[in-house]
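**Q** Residues per chain are reported as follows:
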Amino acid sequence: KAGVTQTPRYLIKTRGQQVTLSCSPISGHRSVSWYQQTPGQGLQFLFEYFSETQRNKGNFPGRFSGRQFSNSRSEMNVSTLELGDSALYLCASSLVPPMPPGGELFFGEGSRLTVL
Amino acid sequence: KNQVEQSPQSLIILEGKNCTLQCNYTVSPFSNLRWYKQDTGRGPVSLTIMTFSENTKSNGRYTATLDADTKQSSLHITASQLSDSASYICVVSARGGSQGNLIFGKGTKLSVKP
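Respectively, the protein sequence lines represent chains A and B.
The numbering of the first sequence is our numbering, which starts it at 13 and goes up by one.
The numbering of the second sequence is our numbering, which starts it at -9 and goes up by one.
Simulated from the structure, these hints should not be mistaken for lab results.
Even glycine gets a Cβ: it sits at the ideal position worked out from N, Cα and C.
There could be a bad hint or two in this list.
Unchecked claim - Facing chain B, a subset of chain A residues (Cβ under 8 Å, in silico):
no., residue
1, Gly54
2, Phe57
3, Phe72
4, Pro73
5, Leu93
6, Gly120
7, Glu121
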């Protein structure tokens, strides 16, 4: 069974540009969530989607947005990139939200974004 | 404020030795607590998930404990191997269950030396 697939794995952008990251969840998983990971802050929740609807959003500026398609694949977009957006962006999928006690998140390998 | 604190921040041990990582939380209402292992440059992988009623759970050489009264958890690694070198992240879920209610610790970086 294929795992969570994120593309691209690495990318370099300059300040002011925008970036789109893609996430394909495990087959059958309808919930996708996104996280930003930096050395100083650790993992921080960005947003969560289920059946093409955003159910939760973390405390990030409006430059960060996302969407989910009918096939459960998800994309996140960051506009007007800043140096501080350099991070590992992780996507995770699960069967259905809300996760029952014992429900499990499956993470992808992440997209490493460097902003110059 | 919901918080998860892990200690130590980093740890170096010799191959074959045991170690214990700590996680203290102030999350309420509590739903479950998870430990993840994250190799450098990779995504986190689940080790254990424990609910309020569970106080010990094992996954091979990894044993997690949970004391819901004191809001503390530990991850014990037995007979460490070089491949155990990774960051270990404690994640606590507040009742409600959506990923938005997950509170992450900043992790403990473990280095196992030969």
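**Q** State the violated hints by number, sorted upward, taking the hints as numbered earlier in the document.
**A** 3, 4 and 5
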